[in-house]
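Colleague: Those sequence lines, one after another, are chains Z and H.
Going by the numbering used here, the first sequence opens with residue 12, and the numbers climb by one from there.
Going by the numbering used here, the second sequence opens with residue 91, and the numbers climb by one from there.
Calculated from the structure, these hints are not laboratory results.
Just so you know, these numbers come straight off a predicted model, no measurement behind them.
The beta-carbon is built from N, C-alpha and C at its ideal position, and this holds for glycine as well.
Heads up, a few of these hints could be off.
[Claimed, not checked] Just some of the chain Z residues that point at chain H, by a computed CB distance under 8 Å:
#1 Pro46
#2 His53
#3 Trp54
#4 Arg72
#5 Trp74
#6 Ile138
#7 Arg146
#8 Val150
#9 Leu174
[Said to hold, decoys possible] Between beta-carbon pairs, the in silico distance windows are:
#10 H:Glu112 with Z:Pro36: 36 to 46 Å
#11 Z:Ala79 with H:Ala133: 53 to 63 Å
#12 Z:Glu63 with H:Trp244: 30 to 40 Å
#13 Z:Glu42 with H:Cys93: 44 to 54 Å
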Amino acid sequence: MRNSQPESPVSSMSTRLSGADAPAPVTELFESMRPDLLRFAHWLARDRALAEDIVQESLLRAWRSRDALKDPGAARAWLLTIVRREHARLYERKRLELVSLDEAVETHAGPRPAEPDGDLFTLRHAIMRLPIEYREPLVLQILGGFSTEEIARELALTPTAVLTRLFRARNKLRVLCGMTAAADGAGSEGAP
Amino acid sequence: MTCDDARLLIGAEPAGATAALEEHLQSCAACRQFREQMRALDADIRRALERPPEIAVVRAPHAARPRPATRPAAWRQWALAASVVLALFAVMALWLLRPGESLARDVVAHVQAEPESWLATQHVDAAGIDAALKGAGVELGINSDKIMYAQSCWFRGHYVPHLVVETARGPATVMILRHEQVSGRREFHEAGMTGVIVPAGTGSIAVLARGAGNIDDIAGSMQQEVRWLPQKS
């Protein structure tokens, strides 16, 4: 499922965006979403340069299959889906040199540059420390605006499993931010 | 619906609401409080996700720089070693000379990460206060019916008592920082809070309150009320 082309998010709409008919609006539409896509990819890949590569490749794929986009209003979700799959594809196809996040953070553990919103510094790093199976649904939900059912479809999980992962993601953030963990009565996630 | 069911739903979708959940919340104060905490955390997560931190943790093979085919010249190795030593000195110097502002910022960040601390409506019992002070090497002379929140929190490599004390100007956070020395009184204003860090015993005490105003009286009182016990060898 991960490597298949994204299906059209809205197939019943009669309005079509044809690249041949109106290339400029589609390009502008895609480009206007580049910052959102880059931020989304950055949280998934945890590396700025890698995120830029993913977004570039995703926009290329989106352009090639632009006829599948039936509704411009669904473009954002459609593009985010492509980015997520491109990220997954990258991990499946290439062996990435993984660096321990603790090690990476330790490298930056000395005096850090002033941040205008330094109070969120801890939380940002806590999110980065979340394993991908928890970080991905959380980012899809909050940044992507996807519902539990949409995330379940995208990740090939049951809705219950998605709820469990979202609960555990936030519970881990509570702990990583120094709060008390809530009792985890979620049990196993169950098979998709 | 059980509390476990309710907390799973709240933890997964803090903004969500179903009829069954709302019915449970009407009769469960603990789950209502949990939802408030999770909604506050979620607002912070949303703000945090707006900008990823600039750290590189994964590198693609194509991004790696090509390695030289031959061994680098000796002078390059010495230059590299010298650079590393200089960089280490620079980092150590910056670390030792880092301004108290970073301590203030960490205190504010910690308090913001525990938004529920200022929502407590019941006094902490003696056992709860003892648990918060345990291991920190301090005793409190303050009347326990003034303490609304007491936790032993992991802060800058140590467990420190994190208290919320009821004062005439509302709740005030007090963090007893045995391992954080400051040379003198430091006042700061951040994220809508006023704070002050004062030297005390072998370390310092940080006091934070919402809004503006003078909190020196609270800090002075805490300097008097905290008794520093000899550290175990």
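Colleague: Checking against the hints above, which ones are violated?
Modeller: Hints 1, 4, 5, 7, 11 contradicted; others consistent.
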